[in-house]
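All chains should be modelled from the sequences, with the hints used to inform the complete structure.
Below, each chain spelled out in residue letters.
Protein chains: 2
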Amino acid sequence: MRTVNVQLGERSYPIYIGEGLLQQAGSYLEKHQLSKQSPLLIVTDEKVADPYLGILEQSLTASGFKVVTAIVGSGETSKSLSVFEAVMTKAIEGGLDRKSAVIALGGGVVGDLAGFVAGTYMRGIRFVQMPTTVLAHDSSVGGKVAINHPLAKNMIGVFHQPELVLYDLSTLKTLPAREVYAGLAEMVKHGLIWDREFAYWCLEHAEELKSVDMQAMGYGLEKGCSIKAAVVSKDERENDLRAILNLGHTIGHAIEAVAGYGEIIHGEAISIGMVGSALIGEALGAEPGLVDTTREMLQSLGLPTVLPEHLSVDRIMTAMMHDKKFLEGQMTFVVPLEIGKVEINRNVDYDLVRRTVELLKKEV
Amino acid sequence: MRTVNVQLGERSYPIYIGEGLLQQAGSYLEKHQLSKQSPLLIVTDEKVADPYLGILEQSLTASGFKVVTAIVGSGETSKSLSVFEAVMTKAIEGGLDRKSAVIALGGGVVGDLAGFVAGTYMRGIRFVQMPTTVLAHDSSVGGKVAINHPLAKNMIGVFHQPELVLYDLSTLKTLPAREVYAGLAEMVKHGLIWDREFAYWCLEHAEELKSVDMQAMGYGLEKGCSIKAAVVSKDERENDLRAILNLGHTIGHAIEAVAGYGEIIHGEAISIGMVGSALIGEALGAEPGLVDTTREMLQSLGLPTVLPEHLSVDRIMTAMMHDKKFLEGQMTFVVPLEIGKVEINRNVDYDLVRRTVELLKKEV
Ligand SMILES: NC(=O)c1ccc[n+]([C@@H]2O[C@H](COP(=O)([O-])OP(=O)(O)OC[C@H]3O[C@@H](n4cnc5c(N)ncnc54)[C@H](O)[C@@H]3O)[C@@H](O)[C@H]2O)c1
Ligand SMILES: NC(=O)c1ccc[n+]([C@@H]2O[C@H](COP(=O)([O-])OP(=O)(O)OC[C@H]3O[C@@H](n4cnc5c(N)ncnc54)[C@H](O)[C@@H]3O)[C@@H](O)[C@H]2O)c1
Ligand SMILES: [Zn+2]
Ligand SMILES: [Zn+2]
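If you read the sequences in order, they're chains A and B.
First residue of the first sequence: 1, per the UniProt record's numbering; consecutive thereafter.
First residue of the second sequence: 1, per the UniProt record's numbering; consecutive thereafter.
Derived by calculation from the structure, the hints in this document are not laboratory data.
You may find that some hints are simply not true.
Mimicking DSS-like on lysine-lysine, the simulated pairs with C-alpha atoms at most 27 Å apart in a straight line are [claimed, not checked]:
id: 1; chain 1: A; residue 1: LYS90; chain 2: B; residue 2: LYS153
id: 2; chain 1: B; residue 1: LYS66; chain 2: B; residue 2: LYS47
id: 3; chain 1: B; residue 1: LYS210; chain 2: B; residue 2: LYS47
id: 4; chain 1: A; residue 1: LYS66; chain 2: A; residue 2: LYS99
id: 5; chain 1: A; residue 1: LYS153; chain 2: B; residue 2: LYS99
id: 6; chain 1: B; residue 1: LYS66; chain 2: B; residue 2: LYS36
id: 7; chain 1: A; residue 1: LYS361; chain 2: A; residue 2: LYS153
id: 8; chain 1: A; residue 1: LYS153; chain 2: B; residue 2: LYS90
id: 9; chain 1: A; residue 1: LYS173; chain 2: A; residue 2: LYS47
id: 10; chain 1: B; residue 1: LYS210; chain 2: B; residue 2: LYS173
id: 11; chain 1: A; residue 1: LYS66; chain 2: B; residue 2: LYS153
id: 12; chain 1: B; residue 1: LYS153; chain 2: B; residue 2: LYS361
id: 13; chain 1: A; residue 1: LYS99; chain 2: B; residue 2: LYS153
id: 14; chain 1: B; residue 1: LYS361; chain 2: B; residue 2: LYS210
id: 15; chain 1: B; residue 1: LYS66; chain 2: A; residue 2: LYS153
id: 16; chain 1: B; residue 1: LYS153; chain 2: A; residue 2: LYS36
id: 17; chain 1: B; residue 1: LYS341; chain 2: B; residue 2: LYS362
id: 18; chain 1: A; residue 1: LYS234; chain 2: A; residue 2: LYS341
id: 19; chain 1: B; residue 1: LYS99; chain 2: A; residue 2: LYS234
id: 20; chain 1: B; residue 1: LYS341; chain 2: B; residue 2: LYS361
id: 21; chain 1: A; residue 1: LYS66; chain 2: A; residue 2: LYS90
id: 22; chain 1: B; residue 1: LYS31; chain 2: B; residue 2: LYS99
id: 23; chain 1: A; residue 1: LYS47; chain 2: A; residue 2: LYS90
id: 24; chain 1: A; residue 1: LYS99; chain 2: A; residue 2: LYS31
id: 25; chain 1: A; residue 1: LYS153; chain 2: B; residue 2: LYS36
id: 26; chain 1: A; residue 1: LYS99; chain 2: B; residue 2: LYS234
Keep in mind it's a predicted model, so treat the numbers as computed, not measured.
The following block contains the structure:
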């Protein structure tokens, strides 16, 4: 069992990473003194409920906890106000009170939705994350929880830190390969922004990671969580440093928006975006070979590095402008200096960005 | 001009109370360094917009602020998820960003709704309150913001402190008398729980308060805000002390629920509830004459002290049980010991509460 401690003063919390943790959920919640009088609400999605909800419920009720559940549809559409209201209804009907907790059993979607419920039910009750995707190692650190507005993703949210995170590696065995790879994009991102050695470790252990080898996956998630935790501890409320976590995300979000959500999933879009960032980095004088190494790392993890031909460069540029980060032809970007090191550059030229997006369409 | 400072460490803020402050809103926001680049969103209701929105907009734009507005319907129904979504849409379409602020121009309804928008837009942006009701002196201190779930009032919310509160007394001149009196119920409540002298001052100045004399109203609101601020500063997150602010509210909420929201408004319901608390206090050995004095104070402020005959005692008791505060026939109540002093009593007998509700129907 591995433990990462997220240091945030009195809001600090541990992430437990290991196999078979769901079976022991009851004793972990006991250890963290969650209430046995006040009901717990488990929020999960239909794909996760089938294999794992029973295991979790059994462990909790065996330990004497009272449990209510809300099962939502799988996928991004569950991060809506109407699903939020439905989960709130379950919480009220289930009799949750100020001492209750909300448990997110699932990926980033369930984590964000359940976290926003926990953050706003009676103005905030306790929250526990039980991630079941690789990508959720990212969302389990930082306390950002949110739902979508029809006009903009993650627009409605709060900061709400969990009491603990219980990461049962065994659940990753049923995760579709494409989702595994997408999660690895965020994992290697943590290496690319902060830890050169870890980035190369991901490359060397790419096959084990892709096949969800428990040993490699455990280490990779521990490292990924630790790096994010280190960044977030220094900057809880996203002022400056925390922005480096957005490596590849400006271009990535624009790709997602233009492709239509779902065609290219988040991890894939930021993979292409990180190649874009590397191209910008090299153009501005970063370490030679940066682009090739970045591409190799991403490809080895099963990720796309080329922008599909049919996505219009114009529309991608327009989508980026919507992010309102252009000021007088200049744009703010997280730009790599070398593998493992980035800087925030507020003066990236519009034309350089446009040329970069064009270059992303070239097969290499 | 009067100023109350709400002391909450780095979240401290001032409440400015005076006549004609809306005309000077621009310079107050300048003084508090709100952004002139990022648009402000004014949230107000249709009844308040008519006389006051123009004045506020003019002052802000004259100072160089960019302004967007959202006008919602008057009354409690605007504290819904659908109105919340509509206001969020205005915020997004208006281009609000992380440096923007939301301004609540109105009573407690607008304050709670706009505050919840500010607390959740992009995970929290700045918030300014401009109260236009007497009752809103209560909601302008404490940082509680919330909307309603169809099954329960104020169920969905966060704590979000304003940057400043600008209380323009002149706006109270158009407030209907019934709303003025209802607000005075919370004002005298602050005396009853904390400050004997102030409670008697309200009785002595009842006529001036009811007719919205600027001098008396200014002093009363200053005192009311100060007392709430003192309580909240000691207990920001409602653990123990803060509960004394609920004097009269347990019975009051039950009366509101049974009467159907609207027939008896909040301030009227807690007025009857405070007589109930005084009756419980006397039964448990409080200062002699407590009930009579409490009744006299409330009646002098134009408030009801008798429970309408047609409201069923059974249904009121059931509504109280829904609050989940009964534990084995015992209930937690804020109980007066004397005028200006209360205690939290966790062992109030179910039967005593029931007898009290029955007594509340008796005209005296
Ligand atoms: N809060 C944050 O800091 C943060 C950070 C990154 C991403 N996010 C959010 O996370 C979301 C994406 O997360 P995600 O990729 O985990 O998506 P997800 O939760 O939708 O999971 C992906 C898919 O895998 C399924 N699934 C999950 N676990 C499974 C398992 N063990 N076995 C089989 N199927 C399983 C889900 O039903 C879904 O179909 C986005 O909404 C994004 O905004 C949040
Ligand atoms: N957040 C808190 O701490 C807190 C505390 C107490 C009450 N509240 C909330 O406050 C709400 C009640 O507040 P309220 O009584 O101010 O209600 P309100 O905002 O509905 O105002 C009462 C009525 O007066 C009208 N009005 C407001 N200002 C006016 C003016 N200057 N001239 C003419 N008409 C005017 C409104 O349109 C409305 O019809 C409730 O929803 C309650 O839950 C919150
Ligand atoms: Zn991401
Ligand atoms: Zn009240």
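Do the hints match the structure? See the list:
1. The hinted pair formed by LYS90 (chain A) and LYS153 (chain B) meets the criterion: a straight-line CA distance of about 15 Å does not exceed 27 Å.
2. A hinted pair counts as satisfied when its Cα atoms are at most 27 Å apart, and LYS66 (chain B) with LYS47 (chain B) qualifies at roughly 23 Å.
3. Taking the CA atoms of LYS210 (chain B) and LYS47 (chain B), the gap is about 21 Å. The hint holds against a cut of 27 Å.
4. Proposed proximity of LYS66 (chain A) and LYS99 (chain A) is supported: the alpha carbons are some 12 Å apart, at most 27 Å.
5. For the hint linking LYS153 (chain A) to LYS99 (chain B), the alpha-carbon distance of about 18 Å falls within 27 Å, and the restraint holds.
6. Proximity of LYS66 (chain B) to LYS36 (chain B) is assessed by CA-CA distance (about 6 Å); at most 27 Å being required, the pair is judged to hold.
7. Restraint check for LYS361 (chain A) and LYS153 (chain A): satisfied, since their Cα atoms lie roughly 26 Å apart, inside the 27 Å limit.
8. Taking the CA atoms of LYS153 (chain A) and LYS90 (chain B), the gap is near 15 Å; set against the 27 Å cutoff, the hint holds.
9. Proximity of LYS173 (chain A) to LYS47 (chain A) is assessed by CA-CA distance (about 13 Å); at most 27 Å being required, the pair is judged to hold.
10. At roughly 11 Å between alpha-carbon atoms, LYS210 (chain B) and LYS173 (chain B) fall within 27 Å of each other, so this suggested pair holds.
11. Distance check on the hinted pair: LYS66 (chain A) and LYS153 (chain B) sit about 24 Å apart at the alpha-carbon level, within 27 Å; holds.
12. In summary, the hint linking LYS153 (chain B) to LYS361 (chain B) is supported, as the alpha carbons are separated by about 26 Å, within the 27 Å threshold.
13. Distance hint between LYS99 (chain A) and LYS153 (chain B) is fulfilled; the C-alpha atoms sit about 18 Å from each other, no more than 27 Å.
14. Annotation: proposed proximity of LYS361 (chain B) to LYS210 (chain B) holds, straight-line Cα distance about 25 Å (limit 27 Å).
15. Of the pairs offered as hints, the one joining LYS66 (chain B) and LYS153 (chain A) holds, with about 24 Å between alpha carbons and a cut-off of 27 Å not exceeded.
16. With a C-alpha separation of about 26 Å, the suggested pairing of LYS153 (chain B) with LYS36 (chain A) holds against the 27 Å cut-off.
17. Distance restraint check for LYS341 (chain B) and LYS362 (chain B): the Cα-Cα separation of roughly 26 Å lies within the 27 Å cut-off, and the hinted pair is therefore satisfied.
18. Only pairs whose Cα atoms come within 27 Å are accepted, and LYS234 (chain A) paired with LYS341 (chain A) is accepted, the gap being roughly 17 Å.
19. With a C-alpha separation of about 21 Å, the suggested pairing of LYS99 (chain B) with LYS234 (chain A) holds against the 27 Å cut-off.
20. Note on LYS341 (chain B) and LYS361 (chain B): the hinted pairing holds, with a Cα-Cα distance of about 25 Å set against a maximum of 27 Å.
21. A distance of roughly 14 Å separates the Cα atoms of LYS66 (chain A) and LYS90 (chain A); the hinted pair therefore holds under the 27 Å criterion.
22. The hinted pair formed by LYS31 (chain B) and LYS99 (chain B) meets the criterion: a straight-line CA distance of about 16 Å does not exceed 27 Å.
23. Between LYS47 (chain A) and LYS90 (chain A) the alpha-carbon distance is near 19 Å, which keeps this suggested pair within the 27 Å criterion.
24. The suggested pairing of LYS99 (chain A) with LYS31 (chain A) holds, with an alpha-carbon distance near 16 Å, which does not exceed 27 Å.
25. Of the pairs offered as hints, the one joining LYS153 (chain A) and LYS36 (chain B) holds, with about 26 Å between alpha carbons and a cut-off of 27 Å not exceeded.
26. In summary, the hint linking LYS99 (chain A) to LYS234 (chain B) is supported, as the alpha carbons are separated by about 21 Å, within the 27 Å threshold.
Taken one by one, the earlier hints all hold for this structure without exception.
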